[in-house]
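We have chain A already, so just place chain B on it with the hints.
2 protein chains.
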Amino acid sequence: MMPEGGLRRRQHSSLRAWDDVGMLKGLSVQTVLQAGIPLVRNISELPQSDYGRGGLSHITIAGSVLHGMKEVEIWLQTFSPGSRTPIHRHSCEEVFVVLKGSGTIFLASNSHEKQPGKPQEYPIFSNSTFHIPMNDVHQVWNTNENEDLQVLVVISRPPVKVFIYEDWSMPHTAAKLKFPYYWDEDCFYSPKDEL
Amino acid sequence: MMPEGGLRRRQHSSLRAWDDVGMLKGLSVQTVLQAGIPLVRNISELPQSDYGRGGLSHITIAGSVLHGMKEVEIWLQTFSPGSRTPIHRHSCEEVFVVLKGSGTIFLASNSHEKQPGKPQEYPIFSNSTFHIPMNDVHQVWNTNENEDLQVLVVISRPPVKVFIYEDWSMPHTAAKLKFPYYWDEDCFYSPKDEL
Numbered sequence: 001m002m003p004e005g006g007l008r009r010r011q012h013s014s015l016r017a018w019d020d021v022g023m024l025k026g027l028s029v030q031t032v033l034q035a036g037i038p039l040v041r042n043i044s045e046l047p048q049s050d051y052g053r054g055g056l057s058h059i060t061i062a063g064s065v066l067h068g069m070k071e072v073e074i075w076l077q078t079f080s081p082g083s084r085t086p087i088h089r090h091s092c093e094e095v096f097v098v099l100k101g102s103g104t105i106f107l108a109s110n111s112h113e114k115q116p117g118k119p120q121e122y123p124i125f126s127n128s129t130f131h132i133p134m135n136d137v138h139q140v141w142n143t144n145e146n147e148d149l150q151v152l153v154v155i156s157r158p159p160v161k162v163f164i165y166e167d168w169s170m171p172h173t174a175a176k177l178k179f180p181y182y183w184d185e186d187c188f189y190s191p192k193d194e195l
Numbered sequence: 001m002m003p004e005g006g007l008r009r010r011q012h013s014s015l016r017a018w019d020d021v022g023m024l025k026g027l028s029v030q031t032v033l034q035a036g037i038p039l040v041r042n043i044s045e046l047p048q049s050d051y052g053r054g055g056l057s058h059i060t061i062a063g064s065v066l067h068g069m070k071e072v073e074i075w076l077q078t079f080s081p082g083s084r085t086p087i088h089r090h091s092c093e094e095v096f097v098v099l100k101g102s103g104t105i106f107l108a109s110n111s112h113e114k115q116p117g118k119p120q121e122y123p124i125f126s127n128s129t130f131h132i133p134m135n136d137v138h139q140v141w142n143t144n145e146n147e148d149l150q151v152l153v154v155i156s157r158p159p160v161k162v163f164i165y166e167d168w169s170m171p172h173t174a175a176k177l178k179f180p181y182y183w184d185e186d187c188f189y190s191p192k193d194e195l
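Sequence order for the protein chains is A and B.
The UniProt record's numbering numbers the first residue of the first sequence as 1 and each following residue consecutively.
The UniProt record's numbering numbers the first residue of the second sequence as 1 and each following residue consecutively.
Okay, chain A solo, but in the shape it has when bound (with noise of 0.2 Å):
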């Protein structure tokens, strides 16, 4: 099911990382590693992380690196109060799924402008939908002090490519490339120094 090549080995690091925050129950690494990946997956045991991003939580459900995904990749991703994606840009499409909480959406659709400028702020809650349209500056952030914001991505043209904005006035031209990004990252192969 899985194209060859479409699970790179882990840098050790990674491994022991996943098994430091309790991933991977019942699904050992070796599995994942030389029987390739079931057909049908138990999302709880799907390893998570938050890469190094304070007060997120993201698993990566279909992606190209684990899943040899080509078209399409889909995370779950959970946002602890307060906490926020950075103010990005990407060439693809993508969706958003509300699970859990609610929080704000900031968009800044004038992208024939040099800076995103101030973004239009939408309200977003539980069983929302919304689309970001392609290369629209966007920044997800749970405005809500009291709950988690849990949301279902689905993005097309992975993996994904992310420009980010240090604020809402820096020009398009200077968002800063990062690629491949935290999740993907961390999956794909590194070769190990022997000597």
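The set of hints was computed from the structure by calculation and includes no laboratory data.
Keep in mind the model is a prediction, meaning the values are calculated, not measured.
Where hints are given, some of them may not hold.
Stated by the list, open to error - Cross-link-like lysine to aspartate or glutamate pairs, in silico, DMTMM-like; alpha carbons within 20 Å at most:
id: 1; chain 1: A; residue 1: K161; chain 2: B; residue 2: E71
id: 2; chain 1: B; residue 1: K70; chain 2: B; residue 2: E185
id: 3; chain 1: B; residue 1: K161; chain 2: A; residue 2: E71
id: 4; chain 1: B; residue 1: K70; chain 2: A; residue 2: E71
id: 5; chain 1: A; residue 1: K70; chain 2: B; residue 2: D136
id: 6; chain 1: A; residue 1: K100; chain 2: B; residue 2: E45
id: 7; chain 1: B; residue 1: K100; chain 2: A; residue 2: E45
id: 8; chain 1: A; residue 1: K70; chain 2: B; residue 2: E71
Said to hold, decoys possible - Rough simulated footprint, nothing fancy, chain B against chain A, three-plus residues with beta-carbon under 8 Å:
id: 9; segment: 66–72
id: 10; segment: 96–108
id: 11; segment: 124–138
id: 12; segment: 149–159
Cβ coordinates follow ideal geometry from the N, Cα and C atoms, glycine included.
Quick look at chain B alone, frame taken from chain A:
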């Protein structure tokens, strides 16, 4: 946010059908038709129908016809006990996230044969995920007699072009293309005869 022409006019008969089954709660037909689709949408207010398929409830969360999606499309589907998809294939990626219930995915991966042949069976369950390799013949079946099966479905390359098989021994070349598919068909613009 929505490309011009992304929302086609619906036939009056379709609109009446929406109302008949109690859909469009709180969202007037005129709002949808004249003012476009809001960025953030309440999924429980989106139109749903069985599209003539007994036991099915289908909601297009983000679609090519209604929302101008070009690369991904997302559906929320609920199968009553015993109901199922046709045996079918499509040349797009497809990922399922099981939100509620349980069932069975039947999958014939031998696309080098003349017909699908006996499929493999995989149990699916709440909070599981699986994806269908492109062009593999498959069928999702709510084999749980006591509970609805609810899945979130993501496809690439919308709108979906489905080839339907009468049974697992039907040659691939005899499978019948259904396009537009039920839910797209209902949304595509049909000119009204004014005479």
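A quick look at each hint next to the structure:
For the suggested pair K161 of chain A and E71 of chain B, the alpha carbons sit about 16 Å apart, so the restraint of at most 20 Å is met. Restraint check: the Cα-Cα separation between K70 of chain B and E185 of chain B comes to about 17 Å, which is no more than 20 Å; the hinted pair holds. For the hint pairing K161 of chain B with E71 of chain A, the CA-to-CA distance comes to about 16 Å; that is within 20 Å, so the pair holds. A C-alpha spacing of about 12 Å is found between K70 of chain B and E71 of chain A, which places the hinted pair at or below 20 Å, so the restraint holds.
Distance restraint check for K70 of chain A and D136 of chain B: the Cα-Cα separation of roughly 15 Å lies within the 20 Å cut-off, and the hinted pair is therefore satisfied. At most 20 Å may separate the alpha-carbon atoms for a hinted pair to count; K100 of chain A and E45 of chain B meet this at roughly 17 Å. A hinted pair counts as satisfied when its Cα atoms are at most 20 Å apart, and K100 of chain B with E45 of chain A qualifies at roughly 17 Å. At most 20 Å may separate the alpha-carbon atoms for a hinted pair to count; K70 of chain A and E71 of chain B meet this at roughly 12 Å.
Look at the segment 66–72 of chain A against chain B: 5 of its residues bring a Cβ nearer than 8 Å to a Cβ of that chain, three or more, so the hint holds. Taking a C-beta to C-beta cut-off of 8 Å, the segment 96–108 of chain A contributes 3 residues in contact with chain B, enough for the three needed, and the coverage statement holds. A count of 8 residues in the segment 124–138 of chain A with a Cβ less than 8 Å from any Cβ of chain B is obtained; the coverage claim is therefore met, three being the minimum. Evaluation of the coverage hint for the segment 149–159 of chain A: fulfilled, as 5 residues show C-beta separations to chain B shorter than 8 Å, against a requirement of three.
Figure legend: structure checked against the earlier numbered hints; every hint is met.
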